[in-house]
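Each chain is listed here by its residues.
Number of protein chains: 2
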Amino acid sequence: MSKRLVVIGGDAAGGSAASQAKKRRPDLDVVLFERGRATSYSACGIPYWIAGTVERETQLVARTPEQHRAAGLDVRMRTEVVGIDTDEGVVHWRDLETGTEGTEGYDDLVYATGSVPMRPPVEGIDAQGVYGVQVLDDGVALRAELDSGRVQRVVVVGGGYIGLEIAEACRIRGLEVTVVDLSATPVGTFDPDVGAIIAEAVRCEDIELVLSDGVAAIDVGPDGRARAVVTRSGRELPADLVVLGLGVRPNVRLAQEAGIPLGTSGGIAVDQRMRTQVPGVWAAGDCVESVHRLSKQRVVVALGTHANKQGRVAGINIGGGYATFPGVIGTAITKICATEAARTGLSEAEAEAAGYSFVTAAVDSTTKAGYFPGATPIRVKMIAERRSGRLLGAQVVGKEGAAKRVDALAIAIWNEMTVDEVLSLDLSYAPPFAPVWDPVLIAARKAFEAVEADTRS
Amino acid sequence: MSKRLVVIGGDAAGGSAASQAKKRRPDLDVVLFERGRATSYSACGIPYWIAGTVERETQLVARTPEQHRAAGLDVRMRTEVVGIDTDEGVVHWRDLETGTEGTEGYDDLVYATGSVPMRPPVEGIDAQGVYGVQVLDDGVALRAELDSGRVQRVVVVGGGYIGLEIAEACRIRGLEVTVVDLSATPVGTFDPDVGAIIAEAVRCEDIELVLSDGVAAIDVGPDGRARAVVTRSGRELPADLVVLGLGVRPNVRLAQEAGIPLGTSGGIAVDQRMRTQVPGVWAAGDCVESVHRLSKQRVVVALGTHANKQGRVAGINIGGGYATFPGVIGTAITKICATEAARTGLSEAEAEAAGYSFVTAAVDSTTKAGYFPGATPIRVKMIAERRSGRLLGAQVVGKEGAAKRVDALAIAIWNEMTVDEVLSLDLSYAPPFAPVWDPVLIAARKAFEAVEADTRS
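Chains as they are written, first to last, in this note's numbering: chain A, -17 to 439; chain B, -17 to 439.
Treat the hints as calculated values from the structure; they're not laboratory data. In this text, a Cβ means the ideal position worked out from N, Cα and C, and glycines have one as well. Honestly, I wouldn't trust all of these hints.
[Unchecked claim] Here are the in silico distance ranges between beta carbons for each label pair:
{"no.": "1", "chain 1": "B", "residue 1": "Asp346", "chain 2": "A", "residue 2": "Asp9", "range": "26 to 34 Å"}
{"no.": "2", "chain 1": "B", "residue 1": "Asp89", "chain 2": "A", "residue 2": "Ala331", "range": "29 to 37 Å"}
{"no.": "3", "chain 1": "B", "residue 1": "Ala335", "chain 2": "A", "residue 2": "Glu431", "range": "37 to 45 Å"}
{"no.": "4", "chain 1": "B", "residue 1": "Ser194", "chain 2": "A", "residue 2": "Pro174", "range": "56 to 64 Å"}
{"no.": "5", "chain 1": "A", "residue 1": "Cys186", "chain 2": "B", "residue 2": "Glu79", "range": "52 to 60 Å"}
{"no.": "6", "chain 1": "A", "residue 1": "His74", "chain 2": "B", "residue 2": "Arg438", "range": "37 to 45 Å"}
{"no.": "7", "chain 1": "B", "residue 1": "Asp253", "chain 2": "A", "residue 2": "Asp436", "range": "24 to 32 Å"}
[As the list claims (entries may be wrong)] List time: in silico DSSO-like cross-link candidates among lysine-lysine, alpha-carbon distance up to 27 Å:
{"no.": "8", "chain 1": "A", "residue 1": "Lys381", "chain 2": "A", "residue 2": "Lys428"}
{"no.": "9", "chain 1": "A", "residue 1": "Lys5", "chain 2": "B", "residue 2": "Lys428"}
{"no.": "10", "chain 1": "A", "residue 1": "Lys381", "chain 2": "B", "residue 2": "Lys5"}
{"no.": "11", "chain 1": "B", "residue 1": "Lys5", "chain 2": "A", "residue 2": "Lys428"}
{"no.": "12", "chain 1": "B", "residue 1": "Lys381", "chain 2": "B", "residue 2": "Lys428"}
[What the hints assert, rightly or not] Here's a subset of chain A near chain B, in silico, CB distances under 10 Å, partners left out:
{"no.": "13", "residue": "Lys381"}
{"no.": "14", "residue": "Ala385"}
{"no.": "15", "residue": "Asp420"}
Starting from the given sequences, assemble the full structure and let the hints guide the process.
Pasting the structure below:
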């Protein structure tokens, strides 16, 4: 009798795991449970669809349930797994449309339930008109609200990547937008000096930023809808719609109930092959924790690119192959209005927390030769370990063509290069693409000088 | 008495060496000889100035003689060094304007004479109207010809980077342009499959390509000017102007005369600190050979970015510091009409010549998420060593935003990563910047599958 793989969650991680396993072991029965209406879609694309930059919702879907079925998967849409019995190797499910319940036995199980938006425990948070944007169905609901025409003022709670992307999307639609964030600069994963540049870019687009302030309550009208956000400092921000952009936490409830151990970060503990500590149970995607290669800490990073890779790794291993997920270094990139920003490795605060002693250097340069038409400003900041000069982190901010240079820095960090080594790298040069010293190299040169000066002092 | 550094050549390498040494040892006497009219300019920018894309010649100059002088250098413009006496530590010079001659003693000497364009030994090659484009003065002369209005038909001999860039510049000026090249595809440092894409891009701009054919002679009119290029196959290509784009060779005549040893590649032999084999004599830039980190061969790569780095290394060492130039891996990038192309590491032919056994993989993807407006096509090709899977080379070709991704691949190659390691890298992802699997990662995945399939076979 053929073996059965059950996968809980049909987005990036689950979809990849299911596809890979089936591809490697065509005789495997693969059952994929998805409680939503879509599989394998780009959650990161939702803000652009809301903005209208991406025209159709269907463009966000990389693989439909029908496509998965054509590849031999047994896809159960709108079906939620409500319990896991790891002793018996069985999951309990419920069809959300019909209410029908049932069980499915498994030989291998992939837990890929993703994450849930953080909801601050304040009054009014569950009122109508308060939205998270986590799954495609959230996006659909939010867009329907905006399309209704009755929304003019939007307050976004949280100024991280998603918060700002949604804020921009609403601004593109001509709405009045305010973003509230606890930090002094938005996108707290950047250092404050880079965050200040991002703040300026956001303000340039007529998005109001309320910083160093958090949400204290949601004021709810007599109709049961949110009508304002009340901040800790006492400001009242009128809102026809409130969007939560406070980040996410791993969706681990089911795992906890089933006794699948979590790690120190709150995500499901997995090894490099994406095995949980329960035999036959794998996990991948936003719900798991990863090793940060620099801090050596376990961290939860909810990002589609990791989810895809982790799902692939789980699927290959389940399919009889061998693959590992070697960890993360915190690379992230975002476009805020006309400004691009990216980071990799450790920020100053993270490096400090990890116990590193470091110097920093930042340079302002251009994306192409300074004399070449279309050259745009780019700032590269580096964080290098004292004495050793090891590159610990980098942040890039600028206009069109700036931020993707972060990949070069990510690979340098991945390989534990020193800034002295980085400045000698054989990077591509021609006037339409870079100054003769690429901004990355100039930054490394300046960081090296900072390491040298510090060593002498 | 203070020591004296003499630098021969005031462009990228010489200018950098002189500046660095002076900065580190302010008491050093630094004499910089330059036979041309400009210092520290971007030779790579000449085609764009000829095209009119860059408005003014002066924009190409990073540092004028006056700026060097303000930094304390004794700059002798239009002054050619005509002999070196390494026993006595003296150079002989001639002022090209006045004919005055003289000598200058040195404690340290930097030889940074650059390169000279290859001139095929064919009839008519020295006729009027035949130009190389190597130094800014060449560019000035060429542009004056084009500005004269008597040029309508241009034949470019050689379809490498410079040849195509000049061809495009002439096309932008509305001229009829033909490029002749010996190879079956232009830019022979790319594999033929990538070269074919480049050929298509060139033809799309109405530049005629005559491939697998070389120049046999230049037909010279009664006025002493070139009037056609005659190819080996017997074609006669009418030309009001002929541009040589056959590449360059190191300018080593003076060094040879002075007994400064060359390496196997024909460039001046230097160690990692840019010391020649003659005590007190350093060399840097297009005239030296470098170690190719993959083939382990000595190679001459004439590129401004290396010249700058090597000059900096020589200057730091002369200034009492310690710096090394760790070699090259053959990274190059170019924009041909709307097409961007870049390469790093070894091409298939180079890998074969270096004795590697390898597999290849190529993928077509997009620069941004496929559904994102402005996503453009990108092809990434990888060459991976058999069994080990070590990444040996990569080529990237596409439209706006494609080619700079080569830097990520260059750093992966520099660090001797395998394609399996590359596919797990933590590269930046957001829809405006990449698909959820960056094209680099997809290519690595496909290359890894090729390595696996080859290993099983």
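Consistency of the hints with the structure:
1. A hinted range of 26 to 34 Å holds for the C-beta pair Asp346 (chain B) and Asp9 (chain A), which are about 32 Å apart.
2. Between Asp89 (chain B) and Ala331 (chain A) the beta carbons are some 49 Å apart, a value that contradicts the proposed interval 29 to 37 Å.
3. Under the hint 37 to 45 Å, the C-beta atoms of Ala335 (chain B) and Glu431 (chain A), about 39 Å apart, fit the expected range.
4. Between Ser194 (chain B) and Pro174 (chain A) the Cβ separation comes to about 60 Å, which falls inside the hinted range of 56 to 64 Å.
5. Between Cys186 (chain A) and Glu79 (chain B) the CB atoms are about 53 Å apart, so this pair conforms to the stated range of 52 to 60 Å.
6. For His74 (chain A) paired with Arg438 (chain B), a C-beta distance near 41 Å keeps the hint of 37 to 45 Å intact.
7. Distance hint check for Asp253 (chain B) and Asp436 (chain A): the Cβ-Cβ separation is about 29 Å, which falls inside the suggested range of 24 to 32 Å.
8. At roughly 22 Å between alpha-carbon atoms, Lys381 (chain A) and Lys428 (chain A) fall within 27 Å of each other, so this suggested pair holds.
9. In summary, the hint linking Lys5 (chain A) to Lys428 (chain B) is supported, as the alpha carbons are separated by about 15 Å, within the 27 Å threshold.
10. Distance hint between Lys381 (chain A) and Lys5 (chain B) is unfulfilled; the C-alpha atoms sit about 33 Å from each other, more than 27 Å.
11. The suggested pairing of Lys5 (chain B) with Lys428 (chain A) holds, with an alpha-carbon distance near 15 Å, which does not exceed 27 Å.
12. In summary, the hint linking Lys381 (chain B) to Lys428 (chain B) is supported, as the alpha carbons are separated by about 22 Å, within the 27 Å threshold.
13. A least Cβ separation of about 13 Å between Lys381 (chain A) and chain B goes past the 10 Å threshold, and the interface hint is therefore violated.
14. A hinted interface residue such as Ala385 (chain A) counts as satisfied when its beta carbon comes closer than 10 Å to some beta carbon of chain B; here the least separation is about 7 Å, so the hint holds.
15. Annotation: Asp420 (chain A) was flagged as interfacial toward chain B, and the flag holds, the nearest CB pair being 7 Å apart, inside 10 Å.
In the structure shown, a violation is registered for the earlier hints numbered 2, 10, 13, in ascending order.
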